[in-house]
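Enquirer: Sequence:
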Amino acid sequence: MSEVEITEYTYENGILSIPNVSGDIEIKKVEEQVTLAQYITNLYTPNSTVTNNSITYNIDTTNGIIDDGLGGTVSNGGNLRYYGASPNNYIDIGDRDASGNIILWRIIGVFETKYATDELPCNTDNDSDGHYDNCASEKLVKIIRNESIGDYSWDYKPTSTGTSSTENTLKATPLIVIGGGSVGDSTYDNNWSEATLQILLNETYYNSSTTSYYNNSEASITVDLTGEGLSEVARNKVENVLWNLGGTSSYSSLYSNGFYSVERGTTVYSGNPTEWVGKIGLMYPSDYGYATDLGSCSETLYSYSSSTSSYACRTNDWLYNSDFQWTMSPRSSSSSDVFLVNSAGFVGSDNARYSRGVRPVLYLKSDLSVVGEGTTSEGINYYVVD
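The opening position of the sequence shown corresponds to residue 1 in the working numbering, with each subsequent residue numbered one higher.
Just so you know, these hints were derived from the structure itself, not from any lab.
Be careful, since some hints might not be right.
What the hints assert, rightly or not - Simulated DEER-style distance windows between Cβ atoms: (1) S75 / S212: 44 to 52 Å; (2) E232 / A344: 34 to 42 Å; (3) T41 / S220: 21 to 29 Å; (4) N47 / S212: 36 to 44 Å; (5) S99 / T41: 32 to 40 Å; (6) S220 / E147: 18 to 26 Å; (7) G374 / E218: 30 to 38 Å; (8) P158 / T45: 47 to 55 Å; (9) G374 / G227: 35 to 43 Å.
Stated by the list, open to error - Pairs of lysine to aspartate or glutamate, EDC-like flavour, derived with a Cα cap of 16 Å: (10) K237 / D386; (11) K139 / E239; (12) K365 / D386.
If you're wondering where the values come from, they're calculated on a predicted model, not measured in any experiment.
No residue lacks a Cβ here, since even glycine has one placed at the ideal position from N, Cα and C.
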């Protein structure tokens, strides 16, 4: 039986009438696929609220999703984030290791995101406010690799080499908005646009290749990511987006909303960029902060290791993994300190030269949809997107 699309018909009193068609016909209902971002948005059904740092957030306790209110600046319509100890946020983007096994990622949430296109390259600050203006913008899904790819220096350049001479093949563009000082004249800096880890992620990891790397040592090591880097299928699903590089000098009193604000600000070490366009980054401190159950955790991020209620902050945070984890946010009072998640569970800072855990973060292209579901041999349920 051949298939035809019927556009003209009437349906009255339970009778379907199609002009110029007779005999037996089979009716097929065609389901319209929604994007992954819309799928998560539709899934979000707020049924409660939680208050943190005097800010009330709407939450969906069934699916483990919180509306962050754009860092608590609006009551509704913020970024939707997965929270809690074990939300159902695993995802298969077609990433595979050298043996063909699935490399799972996890959904951080749905974010209104600026990104670069051929028409809007996202590289001009027209009003001199420290932010790119000529960018496309859309709700995109932000994901993080479930497992670390290893421990690497955030930035380390031997004295003999100075600033890295490697050209970023993704043409990542830093925005310099604060004058004074020189960038890249020391052996380790918190300037993400030139950081050796940024280049490792956006070249070697992105292309699933091999390179030499200075990992807190003047002697280079060989980093082989041919089995750990992005596979070609996954690579084609990654968007080229704008990342915020704002930081702060004091942070012990900051809650999730406080970090969210400074990450998007223009306070950086003298001469460093406040924004960067590229494909692979790291999580922000606020991503870690909002990933906990705020109904169980009332601490600042610096105190997420508190033993209160059986270490409730880190225990109920799905991004916590008992390891040191780099973020991409700098400490602005220093040229070399970067924020990280400590193995004890709190957010602190460390020198960029040290070798810490790296979990790549990326944004998926907007046209991807959920096309299926699966379960690992360990019983982990995940979405399949394409």
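Enquirer: Where does the structure disagree with the numbered hints, that is, which hint numbers, in rising order?
Expert: As far as the earlier hints go, 3, 4, 7 and 9 are violated by this structure, in ascending order.
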